[in-house]
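Chemist: Just need the whole structure built from these sequences, with the hints factored in.
There are 2 protein chains.
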Amino acid sequence: MNSAQKLGFSENTKLLIIHADDAGLSHSENRATIQCLEKGIVNSYSIMVPCPWFYEMAVFAKNNPQFDNGIHLTLTCEWENYKFGPVLPISEVPSLVDDNGYFYKKRDNLRNNAKIEDVEKELDAQIKKALKFGLKPTHIDSHMYSVGASSAFFQVYRNLGKKYNLPIMISKQLMEMVGLIPEENILEQDLTIEKVHYGIYKYFESGKLSEYYSQVFENLVSGLNIILIHPAFDDNEMKGITVNHPNFGSEWRQIDFDFFTSEQNKSKLRESNIELITWNDIKKQK
Amino acid sequence: MNSAQKLGFSENTKLLIIHADDAGLSHSENRATIQCLEKGIVNSYSIMVPCPWFYEMAVFAKNNPQFDNGIHLTLTCEWENYKFGPVLPISEVPSLVDDNGYFYKKRDNLRNNAKIEDVEKELDAQIKKALKFGLKPTHIDSHMYSVGASSAFFQVYRNLGKKYNLPIMISKQLMEMVGLIPEENILEQDLTIEKVHYGIYKYFESGKLSEYYSQVFENLVSGLNIILIHPAFDDNEMKGITVNHPNFGSEWRQIDFDFFTSEQNKSKLRESNIELITWNDIKKQK
Numbered sequence: 002m003n004s005a006q007k008l009g010f011s012e013n014t015k016l017l018i019i020h021a022d023d024a025g026l027s028h029s030e031n032r033a034t035i036q037c038l039e040k041g042i043v044n045s046y047s048i049m050v051p052c053p054w055f056y057e058m059a060v061f062a063k064n065n066p067q068f069d070n071g072i073h074l075t076l077t078c079e080w081e082n083y084k085f086g087p088v089l090p091i092s093e094v095p096s097l098v099d100d101n102g103y104f105y106k107k108r109d110n111l112r113n114n115a116k117i118e119d120v121e122k123e124l125d126a127q128i129k130k131a132l133k134f135g136l137k138p139t140h141i142d143s144h145m146y147s148v149g150a151s152s153a154f155f156q157v158y159r160n161l162g163k164k165y166n167l168p169i170m171i172s173k174q175l176m177e178m179v180g181l182i183p184e185e186n187i188l189e190q191d192l193t194i195e196k197v198h199y200g201i202y203k204y205f206e207s208g209k210l211s212e213y214y215s216q217v218f219e220n221l222v223s224g225l226n227i228i229l230i231h232p233a234f235d236d237n238e239m240k241g242i243t244v245n246h247p248n249f250g251s252e253w254r255q256i257d258f259d260f261f262t263s264e265q266n267k268s269k270l271r272e273s274n275i276e277l278i279t280w281n282d283i284k285k286q287k
Numbered sequence: 002m003n004s005a006q007k008l009g010f011s012e013n014t015k016l017l018i019i020h021a022d023d024a025g026l027s028h029s030e031n032r033a034t035i036q037c038l039e040k041g042i043v044n045s046y047s048i049m050v051p052c053p054w055f056y057e058m059a060v061f062a063k064n065n066p067q068f069d070n071g072i073h074l075t076l077t078c079e080w081e082n083y084k085f086g087p088v089l090p091i092s093e094v095p096s097l098v099d100d101n102g103y104f105y106k107k108r109d110n111l112r113n114n115a116k117i118e119d120v121e122k123e124l125d126a127q128i129k130k131a132l133k134f135g136l137k138p139t140h141i142d143s144h145m146y147s148v149g150a151s152s153a154f155f156q157v158y159r160n161l162g163k164k165y166n167l168p169i170m171i172s173k174q175l176m177e178m179v180g181l182i183p184e185e186n187i188l189e190q191d192l193t194i195e196k197v198h199y200g201i202y203k204y205f206e207s208g209k210l211s212e213y214y215s216q217v218f219e220n221l222v223s224g225l226n227i228i229l230i231h232p233a234f235d236d237n238e239m240k241g242i243t244v245n246h247p248n249f250g251s252e253w254r255q256i257d258f259d260f261f262t263s264e265q266n267k268s269k270l271r272e273s274n275i276e277l278i279t280w281n282d283i284k285k286q287k
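Protein sequences appear in the order of chains Y and E. Numbers given in the working numbering equal positions in the first sequence, counted from 1, plus 1. Numbers given in the working numbering equal positions in the second sequence, counted from 1, plus 1.
Take these hints with a grain of salt, some might be off.
Said to hold, decoys possible - When the alpha-carbon atoms are kept at most 30 angstroms apart in a straight line, the in silico DSSO-like pairs for lysine-lysine are as follows:
(1) K116(E) with K133(Y)
(2) K137(Y) with K84(E)
(3) K133(E) with K267(E)
(4) K285(E) with K130(Y)
(5) K240(Y) with K137(E)
(6) K129(E) with K106(Y)
(7) K63(Y) with K130(Y)
(8) K173(E) with K107(E)
(9) K106(E) with K163(E)
(10) K40(Y) with K84(E)
(11) K116(E) with K129(Y)
(12) K122(Y) with K163(E)
(13) K130(Y) with K129(E)
(14) K7(Y) with K164(Y)
(15) K107(E) with K84(Y)
It should be emphasised that the hints constitute simulated quantities derived from the structure, not laboratory data.
Modeler: Structure below.
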């Protein structure tokens, strides 16, 4: 059975979640994400609990339960001048942070340094903080898919899904991207994403990111598809955060915002045979 | 002796520090503060260690030791959607935070809830974090002058100045503003600021904040004066931070930036008989 069938649809159904990652990262990211949900075609998002603008986004999530919202489990901070670290005291999860007490920039540093018990404590604490705040998450996923840094990490992620009865995003493609062997980490009964669509730097660099997104709509596979985007504005704040990091930088994020709020793309989606689905729909099926 | 005499100047000397508070609060605040230092007439600033953009400003401070820089001890977070809390684990300083683990908005809540040992631990930790990061602070002062919430708080502040051999900002006026009795808290040997100049909401509301600042230059008293400003841009980030808080809001901060970087005001200052002085100069005199 493909994932469409597992979810009660016919085999050929093209299911799609349009998902905004990184809510809570900044005010720019929050504003853009909210506009994409309210006026655009984004139908799900997930929040980074350790980030400075978590509170603003969490208030929105509580006041807008009609929108699918997940927890974007965070173990890395890829930015040069904008830093965040664990929600737990550093003394409780010392292996997760650099000399200044911030998350590592790269998954490799995380993989090489993090103790599995620290990963477990911190990710559990991020979910607990969200729940304590009154959020009712629909799913959990992972920033930079760093839960895929090793099989042991992935097992923690899987266990958290079970513990909190929340669907987790499992994708063969993302596993391959982060160097995890899918065959060793995906179980028969898992609901996996058939295809994850996300911008790649070469598209951005050559000015073809919007074109890529257009083609995604044409090229969905049967089963469950997800588009991962990062809407924000190319404003001073995001320029500051993403300085020297054009990959998923502020210009890129502005393109994401523009594409997924455009009236033309809304119409195109409406006229397509694509079936939009949310994590909450998936959660109910479990 | 007035403070000018204590600092080795003649009694009638009009000494002035032009000081930017709140560095580290946001990217907007950092950029504006840096421009005011590099191109404007600000000659001192202090950093909020618990804030999200501390890192960026701390890197600047380390790379630019020519600028006077202090630690803006922080125990309150006055903003609606933008939250920060202690640098110490909440479990170590539980009396300093609200239900969500963030600093209280108001000095009154702080005064009514904070245990003095928590205040002491947290403020000491803020200084230690700055020192560990490699900063060489020239002075310490206090966000919203909340170290003046009570005599016991003030004693902590005074002790930290002694412990780290750093001048602390002591002002009769600010004490009166926060409800502390100057006569009970100022010692004979203290170097106090003769007059603290800062914008008041009524000037801002009536569009006369710039005019007020102009008059400050005309109305300095003999002895040590300080102008406290909060430069930032009226951009999306600052609008988000200061939403529903026009007092010291983003428009106000833009006026501060504009005034203290204007060529006209630079000339005016150059042509005046005002003697600029820094906290570092004061520190050396101690």
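Chemist: Are the hints correct? Go through all of them and say.
Modeler: To see whether the hints hold, each was checked on the structure:
{"no.": "1", "hint": "K116(E) with K133(Y)", "verdict": "holds (25 angstroms)"}
{"no.": "2", "hint": "K137(Y) with K84(E)", "verdict": "holds (21 angstroms)"}
{"no.": "3", "hint": "K133(E) with K267(E)", "verdict": "violated (36 angstroms)"}
{"no.": "4", "hint": "K285(E) with K130(Y)", "verdict": "violated (46 angstroms)"}
{"no.": "5", "hint": "K240(Y) with K137(E)", "verdict": "holds (28 angstroms)"}
{"no.": "6", "hint": "K129(E) with K106(Y)", "verdict": "holds (24 angstroms)"}
{"no.": "7", "hint": "K63(Y) with K130(Y)", "verdict": "holds (14 angstroms)"}
{"no.": "8", "hint": "K173(E) with K107(E)", "verdict": "holds (21 angstroms)"}
{"no.": "9", "hint": "K106(E) with K163(E)", "verdict": "holds (28 angstroms)"}
{"no.": "10", "hint": "K40(Y) with K84(E)", "verdict": "holds (27 angstroms)"}
{"no.": "11", "hint": "K116(E) with K129(Y)", "verdict": "holds (27 angstroms)"}
{"no.": "12", "hint": "K122(Y) with K163(E)", "verdict": "violated (39 angstroms)"}
{"no.": "13", "hint": "K130(Y) with K129(E)", "verdict": "holds (27 angstroms)"}
{"no.": "14", "hint": "K7(Y) with K164(Y)", "verdict": "holds (22 angstroms)"}
{"no.": "15", "hint": "K107(E) with K84(Y)", "verdict": "holds (26 angstroms)"}
Figure legend: structure checked against the earlier numbered hints; hints not met, in rising order: 3, 4, 12.
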